[in-house]
Amino acid sequence: MVEALKIIKAMQSGLRHLFYSRVTRRYPEVDSGLPEGYYSFDPKKGVATAGWKGRHYLEMDKCTGCQLCSFMCDEISNAIIMVEVPEVRFEQNKKSLFPSVDYGRCVFCGLCVDACPFECLHMTPEIRLADYDRKKLYYSPLELSIQPAVGKPSYVVGKRKERVEG
Amino acid sequence: MKDLIDEALKVAPETKCSIQGNRVKILAPVESVIKIGELVKRYGFDHIESVCGTDYPADNTIEVLYFVGSVREELKSKVVILGSRIPRGEPIFPTLTNIWPGAYFHEREEYEMLGIRFEGHPQLARLLLPDDWDDIPPLRKDFHVKKWGAAEREDAGLKIERAVLHHPPPECIPSADDFKKVRNPSFLERFQQAFDVPEYDTLGRQLFDWVQKDERTIAISFGIQHPGSGHMRLVLGVDGDTVTEVEPDIGYVHRGKEKMCEYKNYFQNIPQLERPTIHDSTGMIFPYVLAAEEILDIADKVPERAKYLRIIMAEFNRILNHTYWLGIMGIFTGHSTMFMWAMGDREIIIDAAQRLGGARVTFAYLVPGGVRNDAPEGWEDYVLKACDKFEKRLDRYREIYFENPLFLDRTVGVGVLSRQDAIDLGIVGPALRASGVYSDTRKDEPYSLYDTIDFDVPVMMDGDSYARCMVSYMEMYQSLRIIRQAVKMMKPGPVRYHFRGRVRGKVGEAYARTEAARGSISFYIVSDGKEKPYRVKINTPSFRNLLAGVKKILPGHRIADVPVIHWSLNYWAVDADR
Ligand code: SF4
Ligand code: SF4
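So the protein sequences, as listed, match chains A and B.
Take the working numbering: the last position of the first sequence gets the number 166, and nothing is skipped along the way.
Take the working numbering: the last position of the second sequence gets the number 578, and nothing is skipped along the way.
It is worth saying that the hints were derived from the structure and are not from the lab.
Hints may contain errors.
Cut-off 25 Å, straight-line C-alpha distance, at most; resulting in silico cross-link-like pairs (BS3-like, lysine-lysine) [what the hints assert, rightly or not]:
(1) 389/B x 9/A
(2) 41/B x 552/B
(3) 307/B x 44/A
(4) 530/B x 257/B
(5) 9/A x 392/B
(6) 45/A x 301/B
Bear in mind that the values here come from a model prediction, so they are computed numbers and not experimental data.
Using the sequences plus the hints, can you model the full thing?
Structure, rendered in structure tokens:
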């Protein structure tokens, strides 16, 4: 008898949920409620700002092509590949070497952001990267330099540098 | 501890002893290891935490170390590291399973990984590697991961080159055709292959023989396709419906983490090390970070705020792990409401953690020297609110699950592990505390400011599946308590030690242990002064719990109870396989 009462009590506890609001979110329509800020690293202080670790955002006008991000990633997932983008020339980057990221391999650890000494690699709250074609997961430097629609940078954007013609 | 060393020196005068904080290292000649082992056991060190072999090709020796711990009040914080050096060409070591039965599987692992033959071991067989492994033991230094299999890959035509500088991007990616080049046997060939399987003395076959003691016994496989087994298999010997003997067969998700660590520097190791236990990712890298800090010589430079943030993240992970585990426990006991609730309520904590760590499961938040980033603005209030919300939900679990007669019937009195067995076999975590042992690394050897925080360690005396569930359940309340205190105690300040230049370790070794969600976890790191560790030994709670626990607990139970007992030990296959 006591047993039965306990079972009824448990059921009652569950039934109360009929009147609760829903726990799940209707995801694509309703915002997922993620933090807005970018994950970016301040090399002078040696700490990062909290933010969502999604796809990278590359500030091409600051990148010097030093490859430190690539060296860091080499032993993590080998996702960063340095490529030459001849059509983009900046004074600080004579060889026009920029990182590109293969999101088929990236584990979104953000250690490449920590490795960049020029504060030009960030991670953004853009996380919907899935695609049917593996090649589309490969983001060239130019694609990485497009600011995603979601989120806003939490760092102060410095003065933009001019692109060198030619 | 001085008296122990004196006694050890009396047994073998050429023993080398050193005390470093709470670690006592006794390096004895190989003949007297057993005698000193008995001495250490008599002194009060009652269980094996880990066994580690390290290969030193330069000296032509292998160092075998036993990490021996204790649950006694006065010895809890200490670890005796007992070992010896043996020649590399003829690595024979006397087994210590007679002194500490918990060494059984640790020794089997080292036998396989380094080729050390433990003389007198009851069943020295392979454990983790594939059955047809015919190369040298992989943790020997002359085994190179990157060279291994290169020839085979080339033969198969699968040559995926690392993208070279200045190449146009699309060529960097292996196309679908590249993968098709791997020779695909035709149907007929496969048919033939199925018939001429070479006669391996596979471990599986061996296990079946071991459990089949007499004619009444049938050997059956529980797993690896069984939904309740995880990525592992239990070979059960059954007499009618009753289990008589068990042999766990693990290694299906072995990734060679220990070897991989030798190829990465102290930072690059972090993302890969948290992969084995993604529910408890911080719990897994916590001891690694502590050990790495000792090697990098910055243990005292970690800022205070970072230590509190580490505690908060670790406790978040403890809750995430326990709720996940509780949900699956619900499924195993036929209570899918529990599963839904636990999975839904995890989101409250995940939301709080992701605001700090920037990801949902693998945060990679702890690094040597502190934490990656400071908490965002307004996060403290968010966390306190989330804790309140979650606590209310936890109270409801009691009504629907923990007092539910259906759950009680399945768990009370099922899978009893006695106190003495738990200690002898080196069981850790909630399983140990459910058997009436007050042992929690957070209290035994407080690390990272856990000693400033006021919390209790739930202990139950029964040692059955119900007690194990209850201990984990109550631990969640304690975790909330810790988080609340830590959030309030945090003061603004720096959160990370700023490294300058190349990060190199000092020559030496470090052994750090912490309390992960599943129990005490330890890392042993040897450094030779380079940027990368020389040897990393990972000792996970699942490995200690399941392997020692299941073999002891399961015999005598019905087959229907196997999943419940197995999961009440909170076993995670990847955690054990590494
Ligand atoms: S986030 Fe991690 S895995 Fe991804 S590119 Fe950066 S370093 Fe590599
Ligand atoms: S992103 Fe940063 S680290 Fe990478 S190449 Fe550019 S400047 Fe160097």
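Status of each hint after checking the structure:
1. A C-alpha spacing of about 22 Å is found between residue 389/B and residue 9/A, which places the hinted pair at or below 25 Å, so the restraint holds.
2. Simply put, residue 41/B and residue 552/B have alpha-carbon atoms about 21 Å apart, close enough for the 25 Å limit, and the pair holds.
3. Only pairs whose Cα atoms come within 25 Å are accepted, and residue 307/B paired with residue 44/A is accepted, the gap being roughly 21 Å.
4. With a C-alpha separation of about 19 Å, the suggested pairing of residue 530/B with residue 257/B holds against the 25 Å cut-off.
5. Only pairs whose Cα atoms come within 25 Å are accepted, and residue 9/A paired with residue 392/B is accepted, the gap being roughly 18 Å.
6. Straight-line distance between C-alpha atoms of residue 45/A and residue 301/B comes to about 15 Å, which keeps the hinted pair within the 25 Å bound.
Taken one by one, the earlier hints all hold for this structure without exception.
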